[in-house]
Amino acid sequence: MKTFCIIPAFNEEKNIITVVSQVKPLVDEVVVVDDCSSDRTADLAERTGVVLLRHIINRGQGAALRTGTEYCLKNGAEIIVHFDADGQFLSQDIKKVAEPIKAGAAEVVFGSRFLNSGHSLAMPPFKKYFIMPLARAVNKIFFNVNLTDPQSGFRAMSREAARKISWQQDRMAHCSEIMFAVKKNNFKVKEAPITVVYHNFGQNFFGGLKILKDLFIATLINR
Amino acid sequence: MIQQIIALIIIASILARLYWQKQKNYIGMNEFLFWLIFWILAAVLIVSLKFLDKLVAELGFSGSGIEVLLYLSVAALFYFVFRLRLKMEKIEKDITKIVQNISLKNK
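Heads up: the sequence lines are chains A and B, in that order. Heads up, the first sequence is in my numbering, so the first residue is 1 and it goes up one at a time. Heads up, the second sequence is in my numbering, so the first residue is 1001 and it goes up one at a time.
What the hints contain is simulated information worked out from the structure, not anything from laboratory work. These figures come from a predicted structure and were not determined experimentally. Glycine included, each C-beta is placed from N, C-alpha and C at the ideal position. Each hint should be verified, as a subset may be incorrect.
[What the hints assert, rightly or not] Okay, derived cross-link-like pairs now, DSBU-like style, lysine-lysine, Cα gap no bigger than 30 Å in a straight line:
1. B:K1097 with A:K24
2. A:K95 with B:K1107
3. B:K1090 with A:K183
4. A:K127 with A:K190
5. A:K14 with B:K1107
6. A:K210 with B:K1093
7. A:K74 with B:K1090
8. B:K1097 with A:K184
9. A:K183 with B:K1087
10. A:K140 with B:K1093
11. A:K164 with B:K1093
12. B:K1090 with A:K213
13. A:K213 with B:K1097
14. A:K213 with B:K1087
[What the hints assert, rightly or not] With the C-beta cut set under 7 Å, the calculated list includes, among others, these residues of chain A facing chain B:
15. L53
16. R54
17. H55
18. I56
19. I57
20. R59
21. A63
22. T67
23. D170
24. I217
Okay, chain B solo, but in the shape it has when bound (with noise of 0.2 Å):
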């Protein structure tokens, strides 16, 4: 119970702060919505543990609520990386795109 009020106090504390950067314009409409909604989520999963544990125990998971979600989250994780990865891997090709330009029109 403690662990669930620290953990929703947390989340209140980031969702003001959130709150703070769309206000001062730091971060863009989309970014703020999918934020919002990441952590309201949170928020909503915390709140529902036991109901989770009992989903989590009838889709055949040995583990608690909690540690299905720490799975999770570690597998979303990895697709994060991943796509940053391939942004990363295009932003590479620009940046040559440009030197390549440059390097031309000196010439």
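So that you can see chain A by itself, here it is in the shape it has in the complex (with noise of 0.2 Å):
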């Protein structure tokens, strides 16, 4: 099946070059999003010659993974991977989240940090036992969300599943969405043991109120 892998990436020039020459070779096709980069970000990646498209005004993580989607659907991708430019994930890691949708086993696939045993001791305290938890509580309240990890960036989804799944959240808060379109969709999800290297803190606590303000807001003007 063809594998399309989206890796959005704002000024990522120290490790775009590293994270692209990793994941080519596992899937058919890599497209970088560049969201408007202010570094070498978008000329470096143009120069391993992957698939470069750039937006001209910054818009965040989400809308560069919808404007990738949106090229893979047009260039007949059967299964599209959503990864990250900052070097947190593992590329091995794709046929992990890959292969339940290859094998028909699922349609959407999350990968979780909370399934690979060894993972919990490199993760903050503070957001393995404050944020990670409330942002589960939150996801299985509110959205009857029930996953292991609440802020997969990590994930592998089919063409029929990217076609109907569609996120509105340019920013952050789009990993939500997507969990709440896939249990609203039915699809058939499984969730995926993956590595996370933590390079930095990553999402804080004011982070995941912006994501629930942003989620509030949309509730209000989809109305």
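Once you've looked at the hints, go ahead and assemble the two chains, each given alone in its own frame, into the complex.
As structure tokens, then:
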């Protein structure tokens, strides 16, 4: 099955070449979406020979993933993988998230840090014991989403699922929105254990509050 | 009394400016009418402050008429800020659509 990997990138000149060169042999096509970086991210990505889409204004990771997904659908992708450009994910995990779709066991697969037993040691304690359980509870109580990793940015979806899931959030709230959309559309879902290498803290408590605020405003606008 | 006169003078100058803006076509008819009604209503309320005091007392408010007006205007401001916020979100989404179209078209 034709597998495309989308890598949204914003000011990732330090990591983009390494990430792309690791991902490229594992998929049929790599699509880098440069979200108006002010550094050399776009130039470096272009040199690696991957498909490069450029946003002329910074619109956020959710928007970049939507641009990439539209490109993939137009160009015959059968499996679409969302990956990060900051080097936090391991390229060999792409196989783990794509495999259940190839086997017909799932239509959407979310990578989960929490299914990987060795992973919990690496996660900052405040995040592990406070932010993540809180985010999981919010997902469960308000949206009836019961996944182990409440903010997974590493996911794969079938062509059909990508066509039907339409997330509107341009920034970080797209992660939650995709989960709700998957639930709403009753897609077959699986979680796959992945490894996350922490370079920094990532999403903090206030980032989590901003996600909730964005989702709340979105429900008012979409009414 | 003097305060009321000062307030009415300010409203008159705002109305004059509003009329000038309309004459120069800086604002549309709808906006002109909205602000015209708004300021005329403000002037009427200022003129009838005593009646307003009586009215709010009968309605059970502890403050004076002007205080209740102030509370209401703060509530209205919150509402307008919220509406503005929603409008901005919509504009943001439209910008994203344009950016995405340009990005895909250039490929």
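Just pull the numbers of the violated hints for me, sorted ascending. none
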